[in-house]
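Please build the complete structure, drawing on both the sequences and the hints.
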Amino acid sequence: MDIYFWFFALVAVASGIFMVTAREPLPGALGLLTTFISLASLYLHLHAPLVAIFQITIYAGAILVLVVFVIMLLMTPDEELSVKQYNLSYKSMGAIAGVAMIALLLVGVRGIACIVGEKALPSDFGQPGLIGKLLYSDFLLHFEVVSVLLLVALVGAIYISKRNL
Amino acid sequence: MNDLIIALIKVVFIWVWVLLIAVVMTWVERRGAAMIQDRPGPNRAGPFGLLQPLADGIKLFTKEDIIPAKAKKLLFILGPILFSLPAFSAYAVVPFGDKIVLGGKEIILQVADVNIGFLYIVALGSMAVYGIVVGGWASNNKYSILGGLRATAQLISYEVPWGLALLAIVLVYGTFSLREIALAQQGTFLGILPNWGVFKQPLGFILFIVAAYAEANRVPFDLPEAESEIVSGYHTEYGSMRLGVYLFGEYVNLCTLSALIVTFFFGAWHLPYINMASFLGPISYGIASFLVFFLKVSFFLWLFVWVRWTVPRFRYDQVMGLGWKALIPLGLLNLFLTALAIQLTA
Amino acid sequence: MSGFESIVLYLGMSMIAILAMLGISALLGPFRPKSNKATTYECGVPLFEAGIKRYDVKYYLVAVLFLVFDLETVLIYPIAVQFKSLAQQGWGVFFEIFVFVAVLLAGLLYALQKRAVEWD
Amino acid sequence: MINHDDYVKINIGPSHPAMHGTLRVVAYTDGETVVSADPEIGYLHRGVEKLGEHLSYHQFIPITDRLNYCSAICNNVSYEMAVEKLLGVSAPEKAQLVRVIMMELARIADHQVCVGILGVDLGAFTPFFYLIIQREEIYEIFEHYNGARLTNTFGRIGGVEADLPKDFEQRWKKLKEGIARANEETDKLLTHNRIWMDRTIGVTTFSAEDALAWGFTGPCLRACGVKRDLRKDEPYSVYDRFDFEVPVGKYGDVFDRYMVRMREMEESVKIIDQAFKLYKDMPADAPLMAKVPKTIKPPAGEVYSAIESPNGELGFFIKSDGSDKPYRIKIRPPCYMVYQAFPEMVKGEMIADLIACLSSLNVIAGELDR
Amino acid sequence: MGVVTLNHYILLASVLFGIGAIGFVTRRNAIILFMSVELMLNAVNLMLVAFSRFKADMAGQVMVLFIYAVAAAEVAVGLAILISLFRHVRGVDINRFNLLKH
Amino acid sequence: MGLKAYTGEGWLLTKMEELINWGRKRSPWPLPYGTACCGIEMMCALAASYDMARFGAERPSFSPRQADVLIEAGTISKKMAPILRRIYDQMAEPKWVIAMGACACTGGVFRTYSTLQGINRVIPVDVYVPGCPPRPESLLYALMKVMEKIEKDHPLRALFDREIGQVDLRSCP
Amino acid sequence: MSLKDQVQSCLGPLVVAVSECQGDLSVEVSRENIKAALSKLKEDPGLSFDFLSDLFGVDNSELYKKTAAKPAKKAEAETAPEEPPKPQEFPPRFEVIYLLLSLKTNKRLQVKVRVPEENPVVDSVVSLFKAATWPEREAYDMYGIRFNGHPDLRRLLMWEGFPAYPLRKDYPLEGRGEERHLIYD
Amino acid sequence: MAKPVVEKRYKLSEQVYLWELIKGMGLTWKHFIFNVKASFRPEPHTIPTCWQYPEDRRPIAPNFRGAHMLMLDEEGREKCVGCGMCAKICPANCITVENAKVPEGEEAKYAGKTYSKTFTIDWLRCIFCGFCEEVCPKGAMMLGPEYELARYTPEECLADKSMLLANFHKAKQEGKLRPPREPVPVVGAAAKPGEEKPAASADEKAVTSAAKPKVAVKAKPKAAE
Ligand code: SF4
Ligand code: SF4
Ligand code: SF4
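Residue numbers (our numbering), protein chains in the order written: chain B, 1 to 165; chain G, 1 to 346; chain S, 1 to 120; chain E, 1 to 370; chain Y, 1 to 102; chain R, 1 to 173; chain V, 1 to 185; chain D, 1 to 225.
Among these hints, one or two may not hold up.
[As the list claims (entries may be wrong)] Some chain D residues close to chain E (C-beta under 10 Å, calculated; not the full set):
1. Gly-26
2. Phe-64
3. Met-163
4. Val-184
5. Pro-185
Derived from the structure by calculation, the hints contain no laboratory data.
A virtual CB, placed ideally from N, CA and C, is assigned to each residue, including glycine.
Given below as structure tokens:
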């Protein structure tokens, strides 16, 4: 199953790069969509089918739709994004910082990775029912807080966009 | 290896079946509409005009393919693909019969009975938006963009009541496997009624079917593509087979939705009060279950056509109002009532 | 043969079929470009303004509402599937869902009160 | 004044499903709302008025067919009556009755098309087909009358060119049932349907004062609640002998216009029944033509004469210089006046309502642009 | 290449995070910025799921669900701000947003 | 161009062409361009009593990309001519044009300053239908004539010969 | 009191001439007074011509030519020494006719103004009757008569840039070969 | 934009979408079943509301105004004398007639002393108004039952004499020739039999003087300025 991992990892990285460098936002969003889908495939590989499906339903099906919607609202297809940066040094600085960050992360996480070995999985690992039980027991409070968070986000979004009408 | 072959056969079978339904549906739609409207409809291509879809297909295949100069080429090409892929793939988890025993081997009449099949449908349902958005936006035509925007808003608005109806179903059946849901509908309920979802979830059924009409862009919710002010909506600029794929995807969608309605609410392959398995042989039972399922599906397919030629269509704000002000509160109510009922009987 | 592989098979097949359809069409169709064939259709008049600017912000509100409610339904799924067994332990799970939905219902009511989905 | 740059400019028409071929509206929209609309007409301008100055009085009759082609007969009669007024003759009674019967049939046909198209534009296709089947029967009657279905070239100056066909009575009996059935079916499919009501009730309402100020006539005016019908108010021909009602609406919205049209069809059926009864009482060889010269050379003068066409007041102003050709013909098309208020009507409504409004006005490009 | 281990996932997650970060600092289009943030969040999610898998602890997966909610909330509010900003400056270039300061 | 050898009496090619022609013939989706009185008669032909859909001419599509047969029914004024031309240009190959009615064919009785004297001054016309308006049957007859014309077409040969298809066009306004 | 008298008493000195043809009364008022006359007719309680049925122009040039030709011939035959009519004696070339209708009394009235060719300007009556909006535009389009105070005086039926006024009598029926050109973008 | 307030005009049964929807569906179902049954009938005219054109033609009215025919009389002689009346009345100006004296030895072919040497009707211009038939003093022109006139080129739609005669022969063969129009009774004088256009005989002067309108007083226009 290595090939499975490598394939999707590659797709994820490639489409991520495509997204970041896209001249126009809608192709960028489609690139991000590809990333999401390949990540979902990887989640399947990681015995997390529920998360995989949710990745598609929520990320690809809801959050990204919102982004795409905003693209349609704000931009005409004729409007090309300028890839030109106003400040070259800013850009190179950013690139350097990013690369440095990757390096740092890699170095940092190596240490942790050594500690964690692979463990045998219980049979219902990652199954929806198990997550449901967890949401009811250990994470009950979180679950309710999420609803409040969503409420706040909803109210906030409506307030902000209505204010300008 | 054997498994692979069986899986392959099932995949091919389902593919051909769904395709055939979609093709025949275009014919049924045209002839049905004609019959409703006191006219014969296409009857020249082949007997009863049955080859009409073929003629349309050939015509579309050999039509010139124009990509408007102002369109975004890549996205324009991608549009129909993104639209039809979810539509075509959704049937993978929907059953089309119970099971058939061949050579001592039990074969489930379903491409894949996965334990999250239900969520797979939900996920694919939420992906359908992209084809429309991308197609509409890439055309760079005002009508297309407006049509795409409306279609998206409509689709996502009706996904919520759809999801709420599904949620109530999950509450009732307690599983994500469509096959298990189907199996659970055998026998009777409260003594007299068949044990079908529609009797346990009458409100849920109405919600589901209304949302299904909206998701499939059918009358009275067909405004993204047929509202008279935006010509043909998001596929205004599409011609040739690209249009064909859009139209075809719609019919495949109808097929999936009808199968889902049957699976969730109309007892899948079960006949009321009759247990077919008890008196039919293993092979004939498999075939019979398939046929029963098919008959039920065809009724709902016909219902799509029937309603289409009866009612006018909504206005855009009315669609949104209906979704948010009527269906979603109703969906929440349905959810509440279902949960309450289960809690009380638990 | 697990279910997922069948699905992948099915997906692959769909993909191939769609691409084949479009490919054959591209091969068979005539190709006669003319300068004005590819102009944008605008009911026959020349295009007088590129694209569309300034849409109604309500489209966005609908999308936000959808996002929130979609998340809500999706998050309830794992509990819903266990609802029957959890319900036997008492009313706890019922109230958990109830509170969750009620909070969001408040959101919906707020949105409706703010006329977020009305188009006049 | 609105700054148009702030809004999305949407071009609707001329080649557009809801624009009946030749209309064009440029709508400035804010989201879904129409901020202002600018109808552009003239895409079917055929120079009819100029042409009239170059044709003889007789030759102009076929041209009038092509004005409001949904009810060509009404145009013919209106024109002939104007010339008759100029000449100072009037058609004999039997001819008048034939004219009334034919005009009312044309009115029914016109309303059927209008209602059907309104349905199609709002997504209900089936009533259109049911109505058109009955209209086909009306055309059959026309065809048996003088050989053409749509552009009948009906009547001559001073009368009509033929008697009603022998089988008219039996055809009419059948047709009457058909019309009633089609109307009832349309009623069933549309009038009480909630979707239809939502789409039409309260859409583009127009007050009676506004309507009068803008020069509305016909069903659009009556839908606003003004009881005005030339057949009642300035009875021309033999209309004062018939007993019929003038249906009026209340709010002047699309629904009222639709209902007024539906009810007017019923009234027309009544009129035809009465007229046919009178017609049967006439002797078989009663004259159908007044005495008019072969070449019509009316004395110099200017007259205006109007009738109630299905769309409203259709008037012809003819200025004669004493020669055999009209010096100036001016046609007063009813929907011209109605359509000019279109921007006013749709302001603040939604884009989809614009379509509904336009269809309910029954703007016929032929008489609009002339 | 060998068997896929946690390290591979961490590597992948870091790379994705890095791409997101680079995008975030170098791009000027606000919408792309948002998408870059999403990419970074996804990298984190991947890490969580990977840990959950290799530690055989379901908590990681549940955490991901909550992250989804947070991401959704962030996007909803963020884009709302973006839209209202857009109404002032008619563009999504964040350099133009700076003008608001003056 | 290996297939070019077949373009003579190649059996396969001929059969293929027959099939394609059959498909095109049986599915001529109209673009109803009804501008005036003839449009009303065209409506009759589309409606129940004559039902053009019997020939497969269903789904009247106003988007020129999706239509095969442009049925130009009615007067074209000079103001409208460029629009007609543009719509025609935007239609995808293969396309056919029916000029329905005297006005569309020659301007008919409207020999005036504002009427285009025949749409063949703007676009090539395949079938002319005299009449004012022609009966719906006449239109159906014209559609059948178009079908005859389609049958004589060589779609695949034209495909290899990309030069074919230069429409002969009189000067456009 | 007949309609004619009523109108005359209502308009008083504004009336230039009155004529009647087959029962259609028509009054002529001078160009400057058209708005005043129409508003008087509208407000008069007895008449209340509150509905503008139509408005259009007429080009009388050919009529004048004919009438000029005829008396000239007669003049030759009968009283030769009288001088032939000079062209400048013709009344102004254009007429604008307002068709009024009273909803109360169901009477109709034609109001006429004469507009010279050199300066074809009339006051717009849109402020009195909204219904005049398009007819005035059409009269402008067809005859080149301009209406002072019209909110949006553009061509109505012909396209922008059409070089002539087609309903003028000197414009040939078949036009002068104007075509509208395609603009490709 | 303030709009007049509209009160709702819904009945309760109309407020619920479903009830009326189901009623409507019942109606469409009735039509559907009726037509499905009808379409299995053997004859070509299956669905009663639809004429399936090439096989099943709608019977056209006997006096339908289709393609023109040049009539021959009982002895097979051409009735047309080439007087050109039809060309004069034609509003579309689409008839060209060239008349000539009947040549020696061909008197048997023509009814009159003159005949139309060429006779062309441009069907693409013609608006089928029937005036030419009405005006023809000899009853030589008639608009026949033929309506399948679509052609590939404009030239084919230019009907010359042979085509017009062929139309006559065809109609005669098919028995579709109708008798000429009956004269219409005119006020005062009872129509004289055999007269084509009764109004033609009316005395021009008499009518105009009888109905002389009051002479319009041409007001002396003042100087406009
Ligand atoms: S040909 Fe005759 S019927 Fe057709 S559009 Fe022209 S005038 Fe009208
Ligand atoms: S057809 Fe009649 S009117 Fe015409 S030229 Fe012959 S005889 Fe004269
Ligand atoms: S039918 Fe009318 S248009 Fe045709 S040739 Fe005769 S007179 Fe002319």
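Now for the hints, and whether the structure bears them out:
1. Here the hint on Gly-26 of chain D is kept, as its CB sits about 9 Å from the closest CB of chain E, short of 10 Å.
2. Annotation: interface hint on Phe-64 of chain D holds; nearest CB of chain E at approximately 5 Å, less than 10 Å.
3. Given the 10 Å rule on beta carbons, the hint for Met-163 of chain D is violated: about 20 Å separates it from the nearest Cβ of chain E.
4. A cut of 10 Å between beta carbons decides the hint on Val-184 of chain D: the least distance to chain E is about 5 Å, and the hint holds.
5. Checking Pro-185 of chain D against chain E: minimum C-beta separation of about 5 Å stays under 10 Å; hint holds.
The structure does not agree with numbered hint 3 stated previously, though it agrees with all others.
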